[in-house]
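Spelled out from the first residue to the last, the chains are:
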Amino acid sequence: ETGVTQSPTHLIKTRGQQVTLRCSSQSGHNTVSWYQQALGQGPQFIFQYYREEENGRGNFPPRFSGLQFPNYSSELNVNALELDDSALYLCASSSPGRREEVFFGSGTQLSVL
Amino acid sequence: DQQVKQNSPSLSVQEGRISILNCDYTNSMFDYFLWYKKYPAEGPTFLISISSIKDKNEDGRFTVFLNKSAKHLSLHIVPSQPGDSAVYFCAASALKGNEKLTFGTGTRLTIIP
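Same order as they appear, the protein sequences are chains A and B. In terms of my numbering, the first sequence opens at residue 29 and continues consecutively. In terms of my numbering, the second sequence opens at residue 423 and continues consecutively.
With the rest of the complex left out, here is chain A (with noise of 0.2 angstroms):
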């Protein structure tokens, strides 16, 4: 098990609403980067956050944003939900340098209707 969690688990929304999800990184790493899984597909990068500053982002409008406070911890926050927002959002913990090292959260389903 990592020490990386995340919350809520699960959350139903409707279309045109706003989320918050949250993720607290593993002890000693700075860096978290946040991943849309759709079903049937592999995670896809949304972005990252190295020291509370946005250190690279994949293909996403940016109605989904995000922060990491200095604790490293990191909200993602996505506007005028859509139903094609529907997917498992994961939160990765990791460190510059040390790549190995990359872990998981279990992830905040989210259900939009």
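One should not assume that every hint holds.
As the list claims (entries may be wrong) - Chain B regions said to be covered by chain A (calculated; three or more residues, Cβ under 8 angstroms):
| hint | region |
| --- | --- |
| 1 | 436-449 |
| 2 | 497-505 |
What the hints assert, rightly or not - Chain B residues, not near chain A, derived (Cβ > 10 angstroms throughout):
| hint | residue |
| --- | --- |
| 3 | Ser430 |
| 4 | Leu433 |
| 5 | Ile475 |
| 6 | Glu480 |
| 7 | Gly482 |
| 8 | Arg483 |
| 9 | Thr485 |
| 10 | Lys490 |
| 11 | Lys493 |
By construction, these hints were calculated from the structure, which means they are not laboratory data. Treat the numbers as computed from the prediction; the structure is a model and nothing was measured. Don't be surprised by glycine CBs; every beta carbon is placed ideally from N, CA and C.
Since the structure of chain A is provided, determine the placement of chain B on it from the hints.
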């Protein structure tokens, strides 16, 4: 553009035999590769990794082989056990790419007792 491909969506193997999972990639900048195991509604669990300076890495029952000229890697599990039944994801990262992970679509491995 699928930069990491796992062309076999599923694989069934008899208990005690060898399981071989394959992965192909197209991006020459990838220099680090990881295999993850995933159960439903859980985050991916790290299994084994390999750097592009090596062609083989072994950890217990798990061995990963890398063929850089063919842009191909494989995960060998021997002997296969019922607890190995899960979805396996291949992932790749580039040092000059904030080390984000690019995942394949996964292979569902079923071990038959």
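Right, here's what the structure says about each hint:
no., hint, verdict
1, 436-449, "violated (count 0)"
2, 497-505, "violated (count 0)"
3, Ser430, "holds (14 angstroms)"
4, Leu433, "holds (16 angstroms)"
5, Ile475, "holds (12 angstroms)"
6, Glu480, "holds (14 angstroms)"
7, Gly482, "holds (15 angstroms)"
8, Arg483, "holds (18 angstroms)"
9, Thr485, "holds (16 angstroms)"
10, Lys490, "holds (17 angstroms)"
11, Lys493, "holds (17 angstroms)"
This entry does not satisfy hints 1, 2, going by the numbered hints stated previously.
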